[in-house]
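K.L.:
Kindly generate the complete structure, drawing on both the sequences and the hints.
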Amino acid sequence: MLKSRNFWLAIIALIVLYLLPLGVSGYVLGLLTVAYYYAVAAMAWDLLFGFAGEVNFGPSFLVGLGAYTAAMLNHYAGTPIWLCLIAGAAAAVVGGVVLAVPALRLRGPYFGLVTLVAVLLLQNMIVLFSGLTGGEIGLDIPEVLSIDDHTNYWYALGFMTISGGLLWGLSKSSAGLILQASGQDATEAAALGFNVAKHKLAAFCISALFSGLAGGMLVFYLGTVSVGTVVDIAIGVQFIIAAVLGGRRTILGAAIGSIFLIVAGEILRPLGELSTFVVSAVALLVILFFPGGFLGALRPRGQG
Amino acid sequence: MTQNLLEVTGLVKRFGGLVAVKDISLSVAPGEILGLIGPNGSGKSTVMKCIMGIVRPNAGSVRIGGVEVAGWPTHRIARQGVGIVFQHSHPLPRQTVLEHIEIALLPDSLLKLAADRHVAERARAIAARVGLDKVMHRLPRTLPFADLRRLELAKAIARNPEVVLVDEPFAGLTSGEVADFSALIASFRAEGHAVLLVDHNVKSVAALVDRVFAMYLGERIAAGSAAQVMSDPKVRQVYLGGGIEVAARPAKAAEGAAPLLSVDKLSVSYGKAQALEDVSLHVAPSEFVSVVGLNGAGKTTLFNAICQLVPSTGTVRFGGAALGGRTAAQVARGGLVQCPESRELFGDMSVRENLDLGGQHLSPAECARQLDWLFELFPILRERQGQAARTLSGGEQQMLAIARALMMQPKLLILDEPTLGLAPVILEQLSKALERLRLTTDITVLLGEQNVTFALPHADRVYVLEHARIVWEGSPARFAAEAGAAYL
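Protein chains in written order, with my numbering: chain Y, 1 to 304; chain Z, 1 to 488.
None of these hints come from the bench; they were simulated from the model.
Any given hint could be a false lead.
Heads up, simulated DSS-like pairs for lysine-lysine below, C-alpha to C-alpha not over 30 Å straight-line [claimed, not checked]:
(1) K112(Z) <-> K198(Y)
(2) K234(Z) <-> K203(Z)
(3) K203(Z) <-> K272(Z)
(4) K134(Z) <-> K272(Z)
(5) K265(Z) <-> K203(Z)
(6) K172(Y) <-> K134(Z)
(7) K198(Y) <-> K172(Y)
(8) K265(Z) <-> K411(Z)
(9) K112(Z) <-> K172(Y)
P.N.:
So, in structure tokens, the structure goes:
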């Protein structure tokens, strides 16, 4: 069965990742640290797209809200990191609710456009109030999680493991099934007595919670927050590509996709500007020929 | 007197200016099956959606076991005890049949992470009841069409609703499967549930229902036993026309003349559903041929297959040349033009722009001549030239769609269900325009219709399409006597 197979694959992959610090350089660990934070954002996005059936083109809106809230609290008020993270996650959840309102009213491409505009609005606000937010240059953060590569790696890997486990478990739970049914055909789900609005709203909140946390953790790793690292549309697109590449409706695929994108970008770095092109082309080919993504391509056809 | 489980009174639903449901009142008692019938556009599906809360009624009351639910959201109405068996299913891709039934058994809770143990047992029992026990561990996409319908039935059973709505229970099923489904639906009655069957004609549900309620253009036209409704003069008029007018011309095409269009053993299947089976027909030059059949009989599929819009097996020859392998655009440029049921107008473009698009390949002088002729045929379009197509009334849109097709100067025009959703007065205008086409040009027309009253006066020859097959062919004059009864 797919369920147990994906689960065991994930366990094996995690063991490898946990053993990795024994054998690779701090530079590689740093790369993977970023990849793990991206992975959480991508998995949270898959919960909305793959299960709730809502195409959110602005995952970086939620990540950015969490990142900037956490960063600014720490910068101006010296709030402890754990409290900043909670506040960032809370801000992202508020943002998630704000997105959910139009999502439950609009159909098709219109909701996607709203999410796109949300990112642009956030980006503009940050630039507009540059005195407060650091604008395009960004904002320094006095505290970081750690200055040690290994410790940072453990934080990120632990965070990804726990978030991924929770999101995956949720997607397999009864509530996750109802959410998936609501995404597939809202009328039919409602006719079975399910309050579709309630389930989708919950999905938005959970997705936002993990996105916001990922944004917060990322800035406390980087020690700085800027539009280019957490808000820009290009960042959001990267989460989306990662999730689709890894396999829609799998949660775990999103993590695989994120790690693949960052590792592939690094391996191809000698190509210079061309590396982005090659990675994009590979992503395009996978999406064209294996619409089920990496995990979809692994699954034997016609079997459950 | 027992209390009715479902009680609808004075139900009204308007979509913009269109009144889809006018003051409908009906009731279903426990242990009773009511058939709600009506032709396409009669508002029967809207009544069903109003009961389920999928659309919100403008006025009137819907009571479930005495509780007023009009205006409630769907999920609350469902919990009040209403279940619906949809005609089409959208199953989840990675869940098995059994898991689908289990979903329907889950409580509406965000915190429920694992299903209770009895859920799996009940799901198995339900699968066995509807005949899915052999396939319950398979994915829905690997199932035949009838099993997908069984799955929809199973999901409705899982909620154990007091009131069961069934949308077109037998569409797309073979006769053996129809018997199975009838037995399953009858078991709802035996358990004391109230059942509402929504279908196009009385015939298909007559054996199963206790009473029938017939609708036409949003209004009640008859109610009573199946036999009473079938013999009701109003019902006969709606389905057969009041004394069908026929006007077959003396055969223009001499016997033996090469047909303009000949279709041989055409078959189409959509996934598991056979939409067209071994259909053969021919149309002579300048002939007006009608294909009549109820909704879902396969008319649109036939036309789409002829125009190479859907893949098919069999041969289609037009003007002697086989069309297989040509693109839909090549077919249209070759003079075989379809005016589709859905009209497919360019809504944001003006009437004139829509027409000009149809005349793209004509020289400016020819285009102007063709426009003049069309404005004479449909004078209302001349007045509406500058208006955006989407702001036209339904009847005007239909005229525009036909006019746009005629701008292409087709040799053969296929008209698919031109009367869909139109009021009688508009039908008359359309009818006159078709009559003029027939008398003043030598165009060939293949007309697909559910409305026999509209189709027969414009036909030299008639085919009856039923369940994906041609079941009758003959002259309009013989239709009422030979095929009319089967058509109710």
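K.L.:
State for each hint whether it applies.
P.N.:
Cross-check of the supplied hints:
1. K112(Z) <-> K198(Y): holds, 14 Å
2. K234(Z) <-> K203(Z): Holds - the C-alpha atoms of K203(Z) and K234(Z) are around 16 Å apart, at most 30 Å.
3. K203(Z) <-> K272(Z): Holds - the C-alpha atoms of K272(Z) and K203(Z) are around 25 Å apart, at most 30 Å.
4. K134(Z) <-> K272(Z): The given pair, whose Cα atoms are some 18 Å apart, holds under the 30 Å limit.
5. K265(Z) <-> K203(Z): Roughly 28 Å separates the two Cα atoms, so the pair holds.
6. K172(Y) <-> K134(Z): Roughly 25 Å between the alpha carbons, so the hint for K172(Y) and K134(Z) holds.
7. K198(Y) <-> K172(Y): Satisfied, since the Cα-Cα distance of roughly 18 Å is no more than 30 Å.
8. K265(Z) <-> K411(Z): holds, 23 Å
9. K112(Z) <-> K172(Y): holds, 11 Å
Against the hints set out earlier in the document, no violation occurs for any number.
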